[in-house]
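Visitor: Protein chains in written order, with this note's numbering: chain Z, 3 to 397; chain R, 3 to 158.
No wet-lab data here; the hints were simulated from the structure.
The beta carbon of each residue, even a glycine, is placed where N, CA and C say it ideally should be.
Take these hints with a grain of salt, some might be off.
[As the list claims (entries may be wrong)] If you anchor each label on the Cβ, the simulated ranges turn out as follows:
#: 1; chain 1: Z; residue 1: T244; chain 2: R; residue 2: S57; range: 16 to 26 Å
#: 2; chain 1: R; residue 1: E105; chain 2: Z; residue 2: L194; range: 29 to 39 Å
#: 3; chain 1: Z; residue 1: Y158; chain 2: R; residue 2: V70; range: 26 to 36 Å
[Claimed, not checked] Not the full set, but computed from the structure, chain R residues with beta-carbon under 8 Å of chain Z:
#: 4; residue: A19
#: 5; residue: Y76
#: 6; residue: P84
[Unchecked claim] Negatives, chain R to chain Z, calculated, CB over 10 Å:
#: 7; residue: M26
#: 8; residue: E29
#: 9; residue: V60
#: 10; residue: R72
#: 11; residue: G118
#: 12; residue: V133
#: 13; residue: V147
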Amino acid sequence: MEEIAILGVGMHPWGKWGRNFVDYGTAAANEALEDAGVDWNDVGFVSGAVTVRCGYPGYVAGSTFARALGFNGAQVASSYAACASGATALSVARGQILSGAADVALVVGADTTPKGFLAPNEGDRPDDMDWLRFKLVGATNPVYFGLHARRRMDLYGATSEDFARVKAKNSRHSVHNPRARFTKEYDVSDVLNSPVVSDPLRLLDICATSDGGAAMVVSSLEYARAQGVSDPVRVAGISTVTPTFPDTVIDLPYIATDSAAGSTPASRGFKTSIGDRVYAEAGVGPEDVDVAEVYDLSSALELDWYEQLGFCAEGEAEKLLRDGATTIGGRLPVNPSGGLGAFGEAVPAQAIAQVCELAWQLRGHAEGRQVEGARIGITANQGLFGHGSSVLVRR
Amino acid sequence: MSRDNSTGEQPKTRVPAVEGLHTMEGEAHLIGGKVPGRETYFFPKHLAGGDPAASGAVELEEVLLSRVGRVWSYTSSDYTPPPPFAAATDPYEPITIAAVELEKEKMVILGQCVAGVTPDDLSIGAGVELVIDTLYEDDEHEYMVWKWKPLETQQS
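Looking at chain R on its own, in the form it has when it is part of the complex (with noise of 0.2 Å):
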């Protein structure tokens, strides 16, 4: 799960902000529960409601979800969120979050975007893929979440 960063300096150990609910190593995936026999996905798995069609007790199968998707919505956080969230930065840095639909699970998921894209640089219906990226970090560690990059083709 550890790796070294690449600044060369103190190596740090990257560990996820909540353990479970992404990939750390390999392709950027949002782990997310399926109904078994149904097209229904939930996401985080572990806090996944019920689907009505799916009688009885369901043992949810774990599966990695789409990592690219349509910007369904966006805005920013211009003001320091409160706890539990911990800014990246000092002073704090205004944040963006992107609502992003995934076309296979027909769902949306939140995250933010990666340091630097600004709400003028996204619009409804463009595509965004899944990164794992620095939250933010402490003398030993770097806390990794998932957030949403605008694809190449996106960006003017």
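So here's chain Z without its partners, still in its complex pose (with noise of 0.2 Å):
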């Protein structure tokens, strides 16, 4: 797959700010633009991460960005794929490039995040599966996270120190970004002493739901050399994907799997599916992997990644986090940014967030929490109905 440049990447903090998602957007796109040394007049495509939160103006992300930088005449797209919007809209970006339809392109997305669940539209939405699960089973986010938590346990033999190690880890990582909302060092006991949400997972064990932006400044390699950027951080590969029938795990947001009674499951499941697309794209593997972006919606389901991303067989998830691998200064560091533990969700920035921290891995500007000699990453990041996501880039 041809490869497009990451010139300037940019975000506004994590928090509870209480502000218009488009401040957000709009800071973190100025950043990416003067990171970039880019004229927003020179943007020729817009590609905006949808909210769904925030009524009209999120449903057109893109064109809401556009005008709040200042109508420029930019072609503008805006793409929801809940959690994975912001590779969706990356992935639209760089169809832009690719096709000659633009050189340069702006990727944005911000939320504005009421506290507690994530909870359905309103009204009597039988029809609407997002719906009947919170109607007829109380099936909150964390109540899938607890099932795939208690998996582990079963089948691998994890324990709730695991999945507290995930998150004493990543909070280790979180003190030394500023762009993180929770940057508080946590030890194993700490999440072990706090509430059981969904049982085995614990108020810690779940990340929260947040205020945040982020953007990037994407273009073509010949754009990036006339601006005499010759050793860009560059996007190797995108995935999109969808499962393949029958889809016999049970996930967000729905009360009942495919059947494979009359068909046979692909070997490889959805969500190592993901991976396996942007490693084809990218022509590398799970061995050049420096550091991965990946998303911790429960630390039980960071363990699962390292598997599903192919760092480790199935089962050895827990044992290359006791080892320390995963750690920054481990071989292979997993959320040198926190994680989602540490940010909490924006769902439409959150994709775009976990390839900006990638790109500053790359140049070696993550400081105090810099992977050293890091070269290649991954993010990886599902959104519900069944929207794979995965970012490969690499220096």
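Once you've looked at the hints, go ahead and assemble the two chains, each given alone in its own frame, into the complex.
Guide: See below:
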């Protein structure tokens, strides 16, 4: 797959700021433009990641941010894929650049998120799976995280201490990230002493919901060279795959899996297929990865990703964690940013923020949390309703 | 669809919390969809996905799904889920939720467990059966839903 350049990245710090989401996205975009040394008027395409929590301006996020920056006539698109929206917005921008329709594009997403459980749209909505799961089962997002955590315990002997170690590791990383919302260092006992949310997971195992914004300026490699950037961080692969039928693993927002009675499931499950696609596009494998940002909606889900991205064999994630391999200084640091546990979900910004962190890491600019010598990084993430999301970057 | 409850107090009408997903009389079953000529099932039927091996427009058959299965995983919601969830008790009592694999249909279906079952009572692989039980009630109605209940042989 042809590559594109990441010329600049920017983020508004995550938190509970209570302001309009447009402010966060605009701040992130301005930082990314400044970082890139690109004049806003040279941006030919704006790719917005949509928020569904902020009314109409959120549905047309690309246009909303373009207007806030000052309409410049750029072409625009807005993408929604739940937590995967940022990767989708990046893939749309890549398509525009590689087709020659635009030389340089701005990818941006931001959100203002209410406190507490994410909830479905209001009204009586029996035709909406996202409504049914809350109405009939009380299946919040952490319920699904709890189901998967329990499977790890049963299948692989994972313990609550293992899950707490993930949080402790990521909290140590977050201390050095000025953009993270939670920068306090937690130890295993802090996690184990927090209240149960969805057995076996506790409050500190589960990510919060936050306000935040993230942006990047991407371009063709020719444009980057013309700007005098000879060795940019490059996007080498993007995965936005859907599952293949029958998908036999229960996941958000469904209340039932597909039936495998009449069909054989694929040998590689949905979440494994997310990484497969991005490795194939980039022409590299898990053994080449130096650093990863993965979606730790819960601490236990981070362990799942180690296996799904091929960092270790199935059932060996706890060992990889306990051996320190995924801590900064280890052989394959995971979530050097602090991860979602330190940020909280700001849905349309999250997949972009993962790439921002990798860009800083690959440039050697991640002060205090630098993964030394990182050349290849991968993100992984998943949006409900079957949206895979992974981006592979290299330098 | 209605019958008196057994408490002897003011009788309430039992209605499904959402129409058409499970039986209300006789044996408790979920009502699923089946691709004609194939062993492919969906639940709920009205929100079925597609089976890519079934070509063209498919009119799903209505079928009753197996009423026993084995626990695939389980968890709890110790905090009150947000609306549209309506709690059965005030104050809220944590609910236990099981994902249950049906052997014949080879699919996993989520549901609350009946009151009194905690995660400590469950284990992966344990047998459970489907019952139709009260989700919540108001002054006139009991709103019914499916729940999972551990099989007697599985209780210690």
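Visitor: Now tell me if each hint is right for this structure.
Guide: Against the structure, the hints:
The hint said 16 to 26 Å for the Cβ distance between T244 (chain Z) and S57 (chain R), and at roughly 19 Å that hint holds. For E105 (chain R) paired with L194 (chain Z), a C-beta distance near 36 Å keeps the hint of 29 to 39 Å intact. Evaluation of the 26 to 36 Å hint for Y158 (chain Z) and V70 (chain R) yields a pass: the beta carbon distance comes to about 27 Å. Below 8 Å, beta-carbon pairs count as interface contacts, and A19 (chain R) has one with chain Z at about 6 Å; its hint therefore holds.
Here the hint on Y76 (chain R) is kept, as its CB sits about 6 Å from the closest CB of chain Z, short of 8 Å. The beta carbon of P84 (chain R) comes within 4 Å of a beta carbon in chain Z, closer than 8 Å, and the hint placing it at the interface holds. Interface exclusion of M26 (chain R) from chain Z stands, the closest Cβ pair being 14 Å apart, more than 10 Å. For E29 (chain R), the non-interface assignment is confirmed: its Cβ lies about 19 Å from the closest Cβ of chain Z, beyond the 10 Å cut-off.
At roughly 13 Å, the least C-beta separation between V60 (chain R) and chain Z is larger than 10 Å, which holds for a residue marked as non-interface. Every CB of chain Z lies more than 10 Å from the CB of R72 (chain R), the least distance being 12 Å, so the non-interface label holds. The beta carbon of G118 (chain R) is kept farther than 10 Å from every beta carbon of chain Z, the shortest such distance being approximately 16 Å. Remark: the non-interface label on V133 (chain R) is consistent with the geometry, its nearest Cβ contact in chain Z lying 14 Å away (cut-off 10 Å).
The beta carbon of V147 (chain R) sits about 5 Å from the closest Cβ of chain Z, which is not more than 10 Å, so the claim that it is off the interface is violated.
In summary, the structure is inconsistent with hint 13 from the numbered list given earlier, while agreeing with all the others.
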